[in-house]
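K.L.:
Taking the numbering used here, the leading residue of the sequence shown gets 1, the next gets one more, and so forth.
No lab work stands behind these hints: they were computed from the structure. A quick note: this is a predicted structure, and the numbers were derived from the prediction, not measured. Warning: the hint list may mix true and false statements.
[Stated by the list, open to error] Label pairs and their calculated CB-CB ranges:
no., residue 1, residue 2, range
1, Ser31, Gln83, 16 to 26 angstroms
2, Ala116, Ser31, 19 to 29 angstroms
3, Gly129, Gly54, 32 to 42 angstroms
All C-beta atoms, glycine included, are put in the ideal place defined by N, C-alpha and C.
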Amino acid sequence: MAIPIPEFKVLLYGPGLPAVGRQAHARFEGSVLTLIAPRTMVMVAAQDISLATGGYDGRQWTIRWKAREGDYSALLQGDGALQAFIAAAPREVGAQLRRSRASQKRKTHPWRAGLALLLLALGGLMVYGLLAYLSD
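Just need the whole structure built from these sequences, with the hints factored in.
P.N.:
Structure below.
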């Protein structure tokens, strides 16, 4: 009985693909990332992969690589995809993944602190306004 290989969903972008991307399934087979979509199969060596985060909250993960025909990227689809990617990623990608996650945490902490300060200030203004209203 074969051990199942974890797969994850991605939205694949690159040369010859629609501008809106193409839904695909991806999995690591040893140190090779294999992406399979209708009429498309791409194989990428783990050492050629780079990772990036994006989106308004920095929680969208993108796998990027260069090929002869141009640049490709695959946007991980959902938290389940990220967990499967983390579980399946070979050692070559693991260190990069840890660096990207640490960088993501550094980027979100100032944003959260700013939001907390804004909410605190708004709360203070509301209390001040209520007290001023009640004192009249």
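K.L.:
Quick check: does the Cβ-Cβ distance between Gly129 and Gly54 fall within 32 to 42 angstroms?
P.N.:
39 angstroms, holds
K.L.:
Using the C-beta atoms of Ser31 and Gln83, is the stated range 16 to 26 angstroms upheld?
P.N.:
Given about 20 angstroms between the Cβ atoms, the range holds.
K.L.:
Honestly, do Ala116 and Ser31 meet the 19 to 29 angstroms range at C-beta?
P.N.:
42 angstroms, violated
Violation of the numbered hints given earlier is confined to hint 2; every other hint is satisfied by the structure.
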